[in-house]
Amino acid sequence: MRLETNLQFVVEQLHARYVHALDADRLEDWPLFFTENGTYRITTAENEARGLPLPVLYAQGRPMLRDRVASLRHANIYEPQRYRHMVSAVIVERLDEATAKSVSNFLVIRIMENGETLLFASGRYLDRIALAPEPRYEERVAICDSRRFDTLLAIPL
Amino acid sequence: MRLETNLQFVVEQLHARYVHALDADRLEDWPLFFTENGTYRITTAENEARGLPLPVLYAQGRPMLRDRVASLRHANIYEPQRYRHMVSAVIVERLDEATAKSVSNFLVIRIMENGETLLFASGRYLDRIALAPEPRYEERVAICDSRRFDTLLAIPL
Amino acid sequence: MRLETNLQFVVEQLHARYVHALDADRLEDWPLFFTENGTYRITTAENEARGLPLPVLYAQGRPMLRDRVASLRHANIYEPQRYRHMVSAVIVERLDEATAKSVSNFLVIRIMENGETLLFASGRYLDRIALAPEPRYEERVAICDSRRFDTLLAIPL
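Chains X, C and E, in that order, give the protein sequences. Those letters in the first sequence? Residues 1208 to 1364, by this note's numbering. Those letters in the second sequence? Residues 1208 to 1364, by this note's numbering. Those letters in the third sequence? Residues 1208 to 1364, by this note's numbering.
Honestly, the hints are just simulated from the structure, not real lab data. Note that the Cβ used here is the ideal one computed from N, Cα and C, for glycine as well. Accuracy of the hints is not assured; some may be wrong.
[Claimed, not checked] With the C-beta cut set under 7 Å, the calculated list includes, among others, these residues of chain X facing chain C:
1) N1312
2) V1348
3) D1352
4) S1353
5) R1354
[Claimed, not checked] With a Cα cut of at most 30 Å, we get these calculated DSSO-like pairs of lysine-lysine:
6) K1308/C with K1308/X
7) K1308/X with K1308/E
8) K1308/C with K1308/E
With the sequences and hints as input, model every part of the structure.
In structure tokens, the structure reads:
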């Protein structure tokens, strides 16, 4: 039980540091939350339920993740909106000595420059996490509840 | 302290598994989160403050909980909306060897078929939890902040 | 690691009890979450980023915090809106034997008397916490994402 509690703590801290990096607009740190060859995918619950493999966004490995950040920086230079991530209901399961999986709920709020605040996205994170040398995502899938989506997402979820 | 930490962990996991079952539309699993004779009640903060006993919804025992699921399945077959539950600020207190109580905040997001996302409900869960053989709700009360309510709730809160 | 887990637990419980006191309108308990000379500040992310020292609200010491509650009670006697706080992504760091710091995300929902529910505020808490004799805020800063703000905040964040 003690081990499970610690594993829960370790994984929740990873999720927490991840969202604080995004909400503070430290996008350049984002690829470092993944393993060297880690994958990131955004999809919708509808596509996931139908078994459609087409993600809204897909990136594998830190170079691709860095490219993604670079294009976001280029595209969004004049849009100073903010984001706020809430993460909840984190369930963690150990897969083996070195790996865990996690499911959690997320809610992302977008705050426009004029101060308007709106629900931007909600959904589930499905993660496979490498625990050593420090916890990092081997795979992070963000499954969005809504099919409505900005074609140009402002930041990663 | 170690014991309290474990109790907190156990109760938060129960809450987490509960909301994932609902959000994944596994309504048939819902009665299993309650003890055989467990009770579920939805009420409003206004009614609660006035001491009005009339709940928005009341069910006692797994057969009644299963009936509730059956009627929801019947009523909502053509409404494919989704829900996303966020749970926060969980406070747990041990009542005796076998029982704990918990208060927590919830926020439920509803995602309509057209993709529109809205705040559906917010409030507090007040729970009495049987800890063995595995953690289950003896009583779960969802106290909603708003008096506005769908007469036909789409899913349990 | 065990110690860190306990520290996390202790701080999250402080945050949880704080928001339940506010959401239950137990404003008179609010100053007791601070040390005798504790400070509370609300600011905006925009001001914080520009290094502007002007807070939206500032109070130092329990007498000032109590004054704040008194004026809220006076101003809002006819506005029975409710609030619901969600706290997420809590990161805790020990500063020394007696003190910890914490960063966390918050989301506050406001429920009007007619039942309308809306996003009221989102942002980050930055806290310095005295751990003994019991955990209390030496400093709590609520940094709001939006610049739009009620000049007369109904409750503390």
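The hints, checked one at a time:
Among the interface hints, the one on N1312/X holds; its C-beta lies about 6 Å from the nearest C-beta in chain C, closer than the 7 Å criterion. At a threshold of 7 Å, the smallest CB-CB gap from V1348/X to chain C is about 15 Å, leaving the interface hint violated. Of the supplied interface hints, the one on D1352/X holds, with its beta-carbon coming within about 4 Å of a beta-carbon of chain C, less than 7 Å. Taking 7 Å as the C-beta cut-off, the interface hint given for S1353/X holds, the closest approach to chain C being about 4 Å.
The beta carbon of R1354/X comes within 5 Å of a beta carbon in chain C, closer than 7 Å, and the hint placing it at the interface holds. Among the hinted pairs, K1308/C with K1308/X is consistent with the structure: their alpha-carbon atoms are about 29 Å apart, no more than 30 Å. Annotation: proposed proximity of K1308/X to K1308/E holds, straight-line Cα distance about 29 Å (limit 30 Å). Taking the CA atoms of K1308/C and K1308/E, the gap is near 29 Å; set against the 30 Å cutoff, the hint holds.
Consistency note: the structure conflicts with earlier hint 2 alone.
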